[in-house]
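Protein chains in written order, with our numbering: chain A, 1 to 180; chain B, 1001 to 1487; chain C, 2001 to 2610; chain D, 3001 to 3102.
Hints are computed from structural coordinates only; laboratory data are not their basis.
By construction, the Cβ of each residue, glycine as well, lies at the ideal position given by its N, Cα and C atoms.
Heads up, some of the hints might be wrong.
[To be verified] In silico lysine to aspartate or glutamate, EDC-like type, Cα no more than 20 Å apart, as pairs: (1) C/K2193 to B/E1333; (2) A/K137 to D/D3059; (3) C/K2367 to C/D2443.
[To be verified] Examples of chain D residues toward chain A, derived with CB under 8 Å: (4) R3027; (5) M3035; (6) I3037; (7) V3044; (8) F3066; (9) V3067; (10) V3070; (11) I3083; (12) L3089; (13) Q3096.
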Amino acid sequence: MDFPVLAFSVFSTIAILGSLLVIFKKNPVSSAFALVLVFFAFAGLYALLGAHLVAALQILVYAGAIMVLFVFVIMLLNQDEPVHDLEATGVIYRVVAALSVAALGAVLIRAVLSGKSPVPAGSLTDEKIASLGGNMKAISEQLFTDRIFHFELTSFLLLGAIVATVTLAKRKSSGEEGGV
Amino acid sequence: METSSSLSFLLTIPLLAMVISWVIPKALQRLYAIFGSALILGLTVYETAGILFSATSEAAKVFFVDQRLEWVSELGMSVGFRLDGVSAWFLILSALTTLVAFSTRGSWYRKQPRLFVSMGFFLLFALNSAFLATDLITFYLSYEAVFIPMIFMVGVWGENQKASAVFRFFLMSFAGSILMLVAMFQIMSMHHAATGQWSSHLADIMKVVPNAPVESLLWPCVGFFLAFAIKVPLVPFHGWLKEVYVNAPMPGTIWMSAILSKLGVVGVIRFVIPLFPAVIKEYQGPLLAVSAVSVIYAALLAIRSSEGKTLLAYSSISHLGFVMLGLFSLSAEGSNAGVLLSVGHAVTSAMLFFLLHQVEERSGNVDLSTSKGLASNYPTLFSGLFIAVLASVSLPGTLNFGGEFLVLLNAYRASALCTILAATGVILGAVYMLRFFQKLGLGTPGSANHADVALKKDLSFADLLMVILLVGIVIYGGINPGIFMKG
Amino acid sequence: MITSMILFPLAGFIINGFWTLWAARNGSRVSSRVSGAIATSAMLAAFVSAWLARSQLPASGSTEVEIFRWFTLGSLSVDFKLRLDALSSLFTLVITGVGALIHLYSVSYMEEDEGAGKYFAYLNLFCFMMLNLVLGGTLPQVFLGWEGVGLASYLLIGFWYREEANVSAGQKAFVMNRIGDLGFLIAMFIGYKYSGSLDLATIEKVVLPAGVGTSFVLLVFLACTGKSAQIPLFTWLPDAMAGPTPVSALIHAATMVTSGVYLLARLSPVISQSTTGMTVIAGIGAATALITAIIACFQSDIKKVLAYSTVSQLGFMFVACGVGAFGAGVFHVMTHAFFKALLFLGAGSVIHGLHGEQDIFKMGGLKKKLPVTFWTFTAGWAAILGMPPFSGFFSKDEILHQALVSGSGSVILFSVLLIAATLTAFYMTRLYWLVFFGGPRMDKSKFDHAHESPVAMALPLVVLGLLSLAGGFAGEPVHLPHPEAVRSTPAWIIMVVSVLAAAVGATIAYRRYSAGAVSPEAARDVFRIDSIYSSLFGGGLKATASATQWLEERVVQGLIRLVAAITDLSGNMIRVLQVGSAQAYLLMMIIGLVVMVIYFLKGVAQYGNF
Amino acid sequence: MTAFEPWMLLVVSVVVFCIGLLGLILRKNLIVMLMSIELMLNAVNLCFVTFSKMHQLLDGHLTVLFVMTVAAAESAVGLGLVIAMFRNLRSVDSDQIQLLRD
């Protein structure tokens, strides 16, 4: 068993089990930590594919920024105790949901398995990327030349998100009772 | 004013007007709407003058503008517009109707005036785009887009039973346009089967579809026909009309009767007859009969109506029956006459509804059984109304006469029986229109409404100008109807 | 000249119309004298133009003036053109001449009325339209005039529009005329179909296939029965007396109602092609002449008597046309215009003098009070009776003669007309006597206040009186083809017989109404035609309309409701699925997605790859 | 044992995506639902990177960068909503906000 296969097995197992934990843990805090696990596993998978920049960003953005946000909100809202929302739905609903999602998964996996590997549309093999100065440099070059407009547009998205979040999370008026 | 720039100009200027209306203060919306639509009317006339007023129809052909942009080229969808003698008139009519509709006064200028004005301009845009469209998909989209502002009109500023009115309007129109869409796909796939290419442009489809076997064209033809028969409407597809007209606010009614109904007319001229000549030829008899029955049936209903708006709504159906009679006479002359009569009907019904609105403002209602004897208080208002009534009964010397006369003349050659049947509508028209005028204007003023009525004034100067413009068109068109007939 | 003839009344209409409208808008009133002067001078100018135009008319044939192209469509092109020949020239002279006199008369008659400006505008509009009718060079233009005079008639009958009855009378006239117009329209379509043109010059020459010819003639005649108040469409004319009296004189006696005769004379080459059609025309004319003469004997309203008398006289004219003697018919149009206008104006003068009294049984002894009216009325009376040498004698005698001797004439036709003539003498003498002779039968104060009309009213009476007296000597004014005489009856016998008949009728009336006190007779509705019509056609229309309404409400609207209900129902069924939880929607979406993906994968599978 | 192939990652991606979807459907706790969405987004990202590898292009990487930006914005707004809702309803249960049903 060579290293890539081994690494793949480990990371993917962690990812899948972690995902299951995320959705089945009763305590949101536990879910959040399971999610961190998943994020790390995904970072590993990215690295396995040679996507080093993405792997790094995965850890920075997801595990770093987004997770903190989640945990912060959980704490803010005092949600760090078990919730029993899963039992609130009916058995039939749960069964139907599981079956249909399984069906979707089966369909997708069948599609993956029956597909043939495509003829590469580009020519950026690992060697070529290395010759360009590595994954990060190659991506940056594309990002700041061809895609500069899209890149700049994301700043508007973030600006919108900031404004929306501030508006939403702001207390409405001083007279309002309670708080978070 | 040549080439495609005038086309895009005519299409974009209502949109521009709509956008500007968002920043105009509420108090100035009415003024803005009136001046804006008057400006658009002027510009439309100016831009289309080359087509309309050139001395011969050959010279006019120089100004035909045909424009086609690829849109989703894989599916052959394109955006196609064409400006010719017919569409030019309908553009002018839609601008004129918009001007008339904006000249009304009422709750729509108090409650959300900005929405009203922008919807009005959007409607104008959609109408123009539908009248100009030469591409099936473009036409379908515009045809549906017209529907949006109308829903707002009825839904936001409508009268008592607006919910049910909106529902019926939606149901009937939507049923029709879905059928049309299906028919469009069908003929598009016929085109694909024949040429191996997808196209929704009329010019491409015209090369294939009309020559297809009649049996295969029957159902697409029915789809198109039903959509337009509902829009016009022809009896028995008119069930939605009364409730919608009565419950719509007055500008909505003006738009609907004057110009929305013409969408159906244009649809028949541009799609049904050229695409399915063989089918129409085969069913010409029944089609003529349906048109003639529309004339009579609606006229009889108008005779029984006890409310002004209802009466005019039915009279509208009756007149459009004449238009369809002209179109289904299947001669170039007949369809030209049909266009002429549609122009006449548009101007006349805009005028009638506008003046009815003025009456309603003064007497509070237009119930024919209670309000009467108003003419002596409002001489100019009722003079205008009388001229509109005369035009509506198509007295010679008014715009409608030329159209109705030529329609009947040409229809007579196609079917004498249907023509004679329809022509009795001329008598019935006199019966209900004179009754309409008599009940509102003549007789002894009722004591009930007279006291508060006498305080209010005759037509304001601006309204008078509006009426003079319309009367001018009606009379000028009566003297020189030829100007409306360059197709 | 021809153009200016129609432009003058049009100008008068426009000036008076706008002025009146402007004044009404500002709450002021138009001076009746000024507007009357404008209208009258417009008509005078038109009369001079008509006279000049006649004098310039080439001896043979006609002149045409093309004004503009009205409409063109395919192979059809219709010009707006005026065509003057002997026939139309005569009509223009009558219209403008009698019209000018009646305008003059109206200036005084309508002086007190606040709507005088409107009145004169309408009157000018009428003359404009009437001139269009007789001068029109194409059928649509004749139709323009045809409908236009109907419009003016509608407006003037309902002139005092605050009275519902007046308005309804106008409406009745308009609608009944429209029934006739339908015939005109369809006749035009037939003419166009077979001649390819709507020019009168072409239509006149067209030769129609036999069956079509008859229907063409009958349709044209239907139009004439509407406009000229013949059976079956005559009932509007008596009601039309609701309008001001000068209007009755101009429109409902002298000009508009004779346009049917004009149309038949104009189309005489086509009309004479159909023997059946001609027989129908003559038969209807005779029946109308007789029946309305009988009705006239039972009327008590002075204007109603004259109205029925007009219908009856029009019947005479149609008999003339029906037997092919169009010239005699036109001749009678002219003389009738003189004496009937005179009689109406005289009646107007009486009504004016008595401040609105119209019942002949409440008159009497006015001979002294209204001398001018009396003497001129006498001329009119003598003319309608057909006393030589008054104008009516010549024309009526000519008609009686032709009814007997021409190919399509017969003894029956002749006798019917003779009886009608006798009855005419009876009811006219009755009217004449009851108004002017005997003792006054109204309030004393009213009698004392009765006054002769002012000069503006008296002058037209005198002129028309002279014309009634001498107009007959002009002889047949237009030479239209005459039918061949198949029976040879000496003309003098007919003259004697007709004069005798008139004398008999007059004597009976004299004996009945001159002796002592006259007991008032209420008007009697002898044939109840009006009520039969209103229950038959009015009721029929109402019933049809109600049936339609039922159909609409029960079936069509029911259908809509059904569709709406079905949509509603299916909506409700779908609503069960709308649990309101976004997650449930998501689940449904996934199920749908899976189904779709499987479906499409199956479809793609046959291509082997995706 | 076969060698490592990119399609294996696609299978993992599908599995994680389905798990996320299941969580989204089953859980009523809005915070956990948001986490499930993050799972799904990650699965898609993995897909992109894998395809990028298979096609020998870098576009997939770029897309992932944008998706991450969107994800960050999304969770920020989403959590803001949760806070707003919690303030009004004292709950983060999605069944409490059934306003869509009439």
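Verification of the hints:
Distance check on the hinted pair: C/K2193 and B/E1333 sit about 14 Å apart at the alpha-carbon level, within 20 Å; holds. Taking the CA atoms of A/K137 and D/D3059, the gap is about 14 Å. The hint holds against a cut of 20 Å. With a C-alpha separation of about 17 Å, the suggested pairing of C/K2367 with C/D2443 holds against the 20 Å cut-off. Residue-level restraint check for D/R3027 holds (minimum Cβ-Cβ distance to chain A is 6 Å; threshold 8 Å).
A hinted interface residue such as D/M3035 counts as satisfied when its beta carbon comes closer than 8 Å to some beta carbon of chain A; here the least separation is about 5 Å, so the hint holds. The beta carbon of D/I3037 is not positioned within 8 Å of any beta carbon in chain A (closest approach about 11 Å), and the interface hint is therefore violated. Because the beta carbon of D/V3044 sits about 11 Å from the nearest beta carbon in chain A, more than 8 Å, this interface hint is broken. For D/F3066, the shortest C-beta to C-beta distance to chain A is roughly 6 Å, which falls under 8 Å, so the interface hint holds.
Annotation: D/V3067 was flagged as interfacial toward chain A, and the flag is violated, the nearest CB pair being 10 Å apart, outside 8 Å. Restraint check, D/V3070 versus chain A: the minimum CB separation of about 7 Å is within 8 Å; hint holds. A hinted interface residue such as D/I3083 counts as satisfied when its beta carbon comes closer than 8 Å to some beta carbon of chain A; here the least separation is about 5 Å, so the hint holds. The closest approach between the C-beta of D/L3089 and any C-beta of chain A is roughly 11 Å, which is over the 8 Å cut-off, so the hint fails.
A least Cβ separation of about 11 Å between D/Q3096 and chain A goes past the 8 Å threshold, and the interface hint is therefore violated.
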